[in-house]
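Engineer: Listed below, chain by chain, are the residues.
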Amino acid sequence: MILIIAERTDAPALWLQRRLSRPAAPVPVRRVNPAQLFAGSSFRFHIAGAEADTSVALSNGRAFDGAALTGVINRVGAVPLPLLTEIGEADREYAESELNACLLGWLAALPCPVLNMPTPGCLGGAWHTDLATCQLAARANLPMGHGAPAAHFVWLEGKIFPRLPDTDLRRAVDAFARGYGGRAVQVDMAADGLLGATPYVDYRIGGDALVRHVRDALMSDARRDAA
Amino acid sequence: MILLCGNPAEPPMARALDAAERAGADYLLFDQGQAADLELDLRLDAKGDLSGVFRTPDLDVAIEDLTGIYARALDGLEGKAAPLHARLYEMFELAPCRVANRPGAMMTNQSKPYQARLIQQQGLDTPETLITNDPGAVRAFAERCANDGDELIYKSISGVRSIVEVLTPTRMQDLDRLAACPVQFQRRVRGTDVRVHVIGEKLFAARIESEATDYRYARQQVDARAELTPFTLPDDIADRCLAVSRALDLPFTGIDLCVTANDEWFCFEANPSPAYSFFEDETGLPIADALIAWLRRDGALPRCAYTKEPAALPAAATAVPSSGGE
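Protein sequence lines, in the order shown, are assigned to chains P and D. According to UniProt numbering, the first sequence is numbered sequentially starting from 1. According to UniProt numbering, the second sequence is numbered sequentially starting from 1.
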């Protein structure tokens, strides 16, 4: 099963879910809201030595084990607010830290490919300050831009969508994304250079070609294990 | 020139300042109380290398002239000082010198299970752990541990400081409150606590004897202070501590270990901003001197507690209960 962890308002995630769920899809695709992982659920994350196993039984009766997942699309942006509103004000900040730490540890320990793995700076993937982003761009020979958004690219494990011809720009975008970190990075460009990047990829940018590669990326490890 | 950032009244910073004076180091203290007087200009060149000026009323320091930065906690940089805090963060993150420690690397401590995974990858085991919001899962884990003669302890999942406590039958009655927020439970490891401070490639280890569940709160928990003594680590454990320091990109870290009577070693966590002064006070280990020497890139490091000699644990130390600290 491919699990998409995303809010119901996350349009790129919903689009991806529909595309991955087409009738010929080789594995089922399910989506959960981040809050569902904890609200009225049974959430278990067990670590023994190098092994970590997880199981979540949702309040709607659905359940999944970490070992049964072939891949995860992680769109968690922050600790879901509904989880915090039930907690007294005095404990809210502590609970937010605890839930953030729990999500970070759990997502990072899943035994399947995760797009994207969380980092301590961002639950959704790699994160860099503005200056660090500029440094990565400079080291990739990608100039910083200041104009209006002109193009968006998705870098996924070395492939760029939509396709870029083999030019200096392609090499620069590739080098930048590799330095940025994570399996998937959205690179936003102005006509004169880089505007920014995010691990919260809008998969619609890459269309069906990107969807196919997402599916491959989420299943490749499972296939390797099976082999 | 080295830059020391933090509150000079706080013991770890006070120790570092003393050590800098003793060493005759060329240093600059940035106290957060001086934030209003500080200007910080940062620039990137075409290659992405950082330069800039750290400007105080008395002195301008070129960032590229710094050999090292000790970035201790900076409190109170809010409101008008918030932009300065953001620039300091970027300087600590990108400065082309030694930094103890870079803020991005310090974040791994925000999640103990996240950090534990990275520690395990370096060959140090961590205690069996269950993070859950399910009271039934806790009871089953507690029963399984009890069958092995072990207790459960609980502590924060995040880097927020918490007092490690045993899950007593009385506390078991509160498990229904888990529904609000998952909690971290661990099989209690019984043995001797060992705290290792890594500075660059040097290690300073201290053995801690205490009957308390959390030795930092020994007075509170068992009405007796913890006894700390210098300790020589086995070579393989020393190597793994160095590997953890490198993997976490924490050149200055306080690693909490525990060794059982069966000579099994466990790691509880690696602290990214170690309050080393307590350990230095109790053991005399020259941690501050080593920190300053590392920041100066001084080849003549002070005497080091770690030598590659076989380690022997005193038999009397093997029955001390433990569950780690922060």
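No lab work stands behind these hints: they were computed from the structure. Incorrect hints may appear among the rest.
What the hints assert, rightly or not - Partner residues aside, some chain D positions facing chain P, computed with beta carbon under 10 Å:
{"hint": "1", "residue": "26"}
{"hint": "2", "residue": "28"}
{"hint": "3", "residue": "50"}
{"hint": "4", "residue": "110"}
{"hint": "5", "residue": "168"}
Even for Gly, the Cβ is constructed at its ideal location relative to N, Cα and C.
Engineer: Each hint needs a verdict: does it hold in this structure or not?
Structural biologist: The hints, checked one at a time:
1. With a cut of 10 Å, the hint placing residue 26 of chain D at the interface with chain P is violated, because the nearest CB-to-CB distance is about 27 Å.
2. Violation of the interface hint for residue 28 of chain D is found here, the shortest Cβ-Cβ separation to chain P being roughly 22 Å, above the 10 Å cut-off.
3. Interface restraint check for residue 50 of chain D: the shortest CB-CB distance to chain P comes to about 7 Å, inside 10 Å, so the restraint holds.
4. Evaluation of the residue 110 of chain D hint against chain P yields a held restraint, the C-beta minimum of about 5 Å falling below 10 Å.
5. Residue-level restraint check for residue 168 of chain D is violated (minimum Cβ-Cβ distance to chain P is 21 Å; threshold 10 Å).
The structure shown violates the earlier hints numbered 1, 2 and 5.
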